[in-house]
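Protein chains: 2
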Amino acid sequence: MGSIERIKNVASRVAKWHKAGNQVVVVTSAMSGETNRLLGLAKEISDQPDPRELDMLVSTGEQTSVTLLAMALKIIGEKAVSYAGWQIPVNTDSAHTKARISSVNDVKVRRELDDGKIVIIAGFQGVDKLGNITTLGRGGSDTSAVAVAVSLKASECMIYTDVNGVYTTDPRVVPNARRLKTVHVEEMLEMSSLGSKVLQIRSVEFAGNYEIPIRVLSSLTDPLMPLEEEANSGTLVTSFEKEINMEKIAVTGIAFNREEAKITVLGIPYCPDIAHQILEMVSSENIEVDMITQSRSKDGTNDFTFTVPRSDYSKVKNILDAKKENIDVDEITSDSGVSKVSVIGVGMRSHVGVASKMLRTLSEENINVHMISTSEIKISVLIDEKHMEKAVSVLHNTFDLQNS
Amino acid sequence: MGSIERIKNVASRVAKWHKAGNQVVVVTSAMSGETNRLLGLAKEISDQPDPRELDMLVSTGEQTSVTLLAMALKIIGEKAVSYAGWQIPVNTDSAHTKARISSVNDVKVRRELDDGKIVIIAGFQGVDKLGNITTLGRGGSDTSAVAVAVSLKASECMIYTDVNGVYTTDPRVVPNARRLKTVHVEEMLEMSSLGSKVLQIRSVEFAGNYEIPIRVLSSLTDPLMPLEEEANSGTLVTSFEKEINMEKIAVTGIAFNREEAKITVLGIPYCPDIAHQILEMVSSENIEVDMITQSRSKDGTNDFTFTVPRSDYSKVKNILDAKKENIDVDEITSDSGVSKVSVIGVGMRSHVGVASKMLRTLSEENINVHMISTSEIKISVLIDEKHMEKAVSVLHNTFDLQNS
Numbered sequence: 180m181g182s183i184e185r186i187k188n189v190a191s192r193v194a195k196w197h198k199a200g201n202q203v204v205v206v207t208s209a210m211s212g213e214t215n216r217l218l219g220l221a222k223e224i225s226d227q228p229d230p231r232e233l234d235m236l237v238s239t240g241e242q243t244s245v246t247l248l249a250m251a252l253k254i255i256g257e258k259a260v261s262y263a264g265w266q267i268p269v270n271t272d273s274a275h276t277k278a279r280i281s282s283v284n285d286v287k288v289r290r291e292l293d294d295g296k297i298v299i300i301a302g303f304q305g306v307d308k309l310g311n312i313t314t315l316g317r318g319g320s321d322t323s324a325v326a327v328a329v330s331l332k333a334s335e336c337m338i339y340t341d342v343n344g345v346y347t348t349d350p351r352v353v354p355n356a357r358r359l360k361t362v363h364v365e366e367m368l369e370m371s372s373l374g375s376k377v378l379q380i381r382s383v384e385f386a387g388n389y390e391i392p393i394r395v396l397s398s399l400t401d402p403l404m405p406l407e408e409e410a411n412s413g414t415l416v417t418s419f420e421k422e423i424n425m426e427k428i429a430v431t432g433i434a435f436n437r438e439e440a441k442i443t444v445l446g447i448p449y450c451p452d453i454a455h456q457i458l459e460m461v462s463s464e465n466i467e468v469d470m471i472t473q474s475r476s477k478d479g480t481n482d483f484t485f486t487v488p489r490s491d492y493s494k495v496k497n498i499l500d501a502k503k504e505n506i507d508v509d510e511i512t513s514d515s516g517v518s519k520v521s522v523i524g525v526g527m528r529s530h531v532g533v534a535s536k537m538l539r540t541l542s543e544e545n546i547n548v549h550m551i552s553t554s555e556i557k558i559s560v561l562i563d564e565k566h567m568e569k570a571v572s573v574l575h576n577t578f579d580l581q582n583s
Numbered sequence: 180m181g182s183i184e185r186i187k188n189v190a191s192r193v194a195k196w197h198k199a200g201n202q203v204v205v206v207t208s209a210m211s212g213e214t215n216r217l218l219g220l221a222k223e224i225s226d227q228p229d230p231r232e233l234d235m236l237v238s239t240g241e242q243t244s245v246t247l248l249a250m251a252l253k254i255i256g257e258k259a260v261s262y263a264g265w266q267i268p269v270n271t272d273s274a275h276t277k278a279r280i281s282s283v284n285d286v287k288v289r290r291e292l293d294d295g296k297i298v299i300i301a302g303f304q305g306v307d308k309l310g311n312i313t314t315l316g317r318g319g320s321d322t323s324a325v326a327v328a329v330s331l332k333a334s335e336c337m338i339y340t341d342v343n344g345v346y347t348t349d350p351r352v353v354p355n356a357r358r359l360k361t362v363h364v365e366e367m368l369e370m371s372s373l374g375s376k377v378l379q380i381r382s383v384e385f386a387g388n389y390e391i392p393i394r395v396l397s398s399l400t401d402p403l404m405p406l407e408e409e410a411n412s413g414t415l416v417t418s419f420e421k422e423i424n425m426e427k428i429a430v431t432g433i434a435f436n437r438e439e440a441k442i443t444v445l446g447i448p449y450c451p452d453i454a455h456q457i458l459e460m461v462s463s464e465n466i467e468v469d470m471i472t473q474s475r476s477k478d479g480t481n482d483f484t485f486t487v488p489r490s491d492y493s494k495v496k497n498i499l500d501a502k503k504e505n506i507d508v509d510e511i512t513s514d515s516g517v518s519k520v521s522v523i524g525v526g527m528r529s530h531v532g533v534a535s536k537m538l539r540t541l542s543e544e545n546i547n548v549h550m551i552s553t554s555e556i557k558i559s560v561l562i563d564e565k566h567m568e569k570a571v572s573v574l575h576n577t578f579d580l581q582n583s
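As given, the protein sequences belong to chains V and G, one line each in that order. In terms of my numbering, the first sequence is residues 180 to 583. In terms of my numbering, the second sequence is residues 180 to 583.
Mixed in with the good hints, there may be bad ones.
Which copy is meant is left open, because identical chains are indistinguishable; a pair holds if it fits in one copy or across any two.
Taking lysine-lysine and the PhoX-like style, the derived pairs with C-alpha atoms no more than 20 Å apart in a straight line are [said to hold, decoys possible]:
hint, residue 1, residue 2
1, Lys287, Lys308
2, Lys195, Lys296
3, Lys258, Lys222
4, Lys253, Lys222
5, Lys277, Lys222
6, Lys222, Lys187
7, Lys195, Lys258
8, Lys253, Lys496
9, Lys187, Lys565
10, Lys277, Lys494
11, Lys253, Lys296
12, Lys253, Lys198
13, Lys569, Lys195
Simulated from the structure, these hints should not be mistaken for laboratory data.
Sequences and hints are given; from them, build the entire structure.
Following this line, the structure appears as structure tokens:
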């Protein structure tokens, strides 16, 4: 949601879908710039504001936008009502600033829908068991939207963003990247987690688990464009096989995450507990560990390597430095200048040779690969950040994504 | 609450009272300008925004300020926690934008206080039985503060405003107006309703009914001034007789309300129902009728006159015009250029002649009096607005208020 003008546009768009006979629930984010304004106020007072207070502060951003959208719908003759997360309630755990939704109560929403109203729900926020306001973290409005769609068994969850769909890779890196008309939810999951920042990963997980199709659309198109034209203008994220042409192509897209960091623990004696202990220390601070490898050295000890988001890098370093003496290892090394590049496609399941083709391509470009991890539908490599654009570009070309 | 700088000042002041051994609950208003900013956003969308949505929108202002104050207290080493109205909960009726508090639950607050925390509660807002956010109307933060003080049986409710106390009259009108060290709660009640805009009338009612002393203080003084000096710098509003020297003076202050309007209904047949019906029409729109007079004409019909706030004048006119045919009256006249001036003092109870002295003074200045209304501790007159300053000034002088 941008300015007042954009709120009015959203109202026109929502009214269009409602008038076509749909029951409509809208989940909004804050107006553009508002969350940063609020964080700025907190920053003026404290470098490390209390997370509970921060959630309560930042949640006012969405509360403001829902009321304005309700007003904008009323002025064009629609019945509308707005709700904050706690009013629904959208129940979450108590992990302030990173909360997870546990359930969404649909009673109020259904009653309002049956009453002919458009229901507007503040995204990004919920309430914990003690009645504290929580937020889901940046991008959490997507997750809110899908959670609401799931609770209502909606036929589709349309997510309006600042892009018009999901691309084979980031068009800023590869100019001839192509918009996908459909993408499998599993591919989308890999893309989200790897940095194609179109949808928050948890929203795609939710949607996949409960088989709610998501349609990614641009909020910048004409709000009054014909319904069918609008539906075709984005990307449908679905797990229904009939929507996906599985045989045609092996690779659907190239994802990347520039801001990675790598930690290596050298000389772990043979003791299954240690790797586990290290991971536990890190994840107990709510830091997500991504790639993990372990290899046996010649001296019989193990080397253990993992990656974390670069923003959490110094936190992880501090945790490990503080606990160093308690862990029986030789050395801990780290590198915060690495990026991850992944090729993704449900078609890989029935195609061989994708990994070797990927590695050969990188090798031909003299790009050194630090780590590899594979899944059924994805191969990721960790490389130096300075090679990232190049890697994405040559892989996009190798797998002929601009033409598929 | 003004800027971030003022929030930090408030934090210092609150910490000072807490460190002196007091349990402290703070009720905040929004940051200065914030409520108007939010109303401005609504205005950009709708001239008459839905009251429920408006409450939900405007309540974000106080929610923002409580969190910032909690952060500011933590950074100076105090334990603090913030709450929105619905979290306490502060229960209200459902009269959006003008709600009344029905009860304040003290359980959470007591638990936090016993835990050594400073508790910060968003003023001006509550929640109705259906879980909708309500607001108490402008100035409602005073009422919130007193209601919280009552629920906790606080020893005192200190209200920080932009003035340093209650004056014999408005110093902008009478430059030698004097600050009162104490004022009886009944006098304060009359002053609030009549336009000495220091405290919201409902907050004083509450405080009077539950015998909570209110201390009116300036938020602009040095936050670290010594406790006793600070306590003496304002005005204590109390009903404890020992604090009030009842015999000394008849009149405590002159209040006025510039923006009044007068409606006169002429030729009402003798029928007790009609005046009642008219008042009901007006008050059912939540408009407060103030002065009321009724007089018998020579032809046996009645003339009925009442005043309303000038801001509600056209609304009242519309109501009466719409219903004119249903009411059997000759004519409805009105005057929106009138003001009310009142002399107030609990000492009047034991002094006679205040009314005659007042009317003589006005007559000597050729100020025509349209209506008079009296109570045990107050005499009010309705006069042309153009005479208002003059009337206040000569009455202040007549009752020797600058020297008492």
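To see whether the hints hold, each was checked on the structure:
Taking the shortest Cα distances, lysine 287 and lysine 308 sit within 20 Å of each other both inside one copy (19 Å) and across copies (14 Å). In this assembly of identical chains, lysine 195 and lysine 296 lie within 20 Å of each other by CA distance solely inside one copy; the values are 14 Å within and 50 Å between copies. For the identical chains of this complex, lysine 258 and lysine 222 are inter-copy neighbours only, at 19 Å across copies versus 39 Å inside a copy, given an alpha-carbon limit of 20 Å. Taking the shortest Cα distances, lysine 253 and lysine 222 sit within 20 Å of each other only across copies (13 Å), while inside one copy they are farther apart (36 Å).
Only within a single protomer do lysine 277 and lysine 222 lie at most 20 Å apart by alpha-carbon distance; the minimum there is 18 Å, versus 34 Å between protomers. Taking CA atoms no more than 20 Å apart as the test, lysine 222 paired with lysine 187 passes between copies only; the shortest distance there is 13 Å, against 31 Å inside one copy. Within a single copy, lysine 195 and lysine 258 get their C-alpha atoms as close as 13 Å, which meets the 20 Å cut-off; across copies the closest is 50 Å, which misses it. For the identical chains of this complex, lysine 253 and lysine 496 are neighbours neither inside a copy (53 Å) nor across copies (27 Å), given an alpha-carbon limit of 20 Å.
With identical chains, the CA atoms of lysine 187 and lysine 565 are never at most 20 Å apart, being 43 Å at best within one copy and 45 Å at best between copies. In this assembly of identical chains, lysine 277 and lysine 494 lie within 20 Å of each other by CA distance solely inside one copy; the values are 16 Å within and 49 Å between copies. Only within a single protomer do lysine 253 and lysine 296 lie at most 20 Å apart by alpha-carbon distance; the minimum there is 10 Å, versus 43 Å between protomers. For a Cα distance limit of 20 Å, the shortest separation of lysine 253 from lysine 198 inside one copy, 14 Å, qualifies, whereas the shortest one across copies, 50 Å, does not.
For a Cα distance limit of 20 Å, the shortest separation of lysine 569 from lysine 195 qualifies neither inside one copy, at 44 Å, nor across copies, at 60 Å.
Violation of the numbered hints given earlier is confined to hints 8, 9, 13; the remaining hints are satisfied by the structure.
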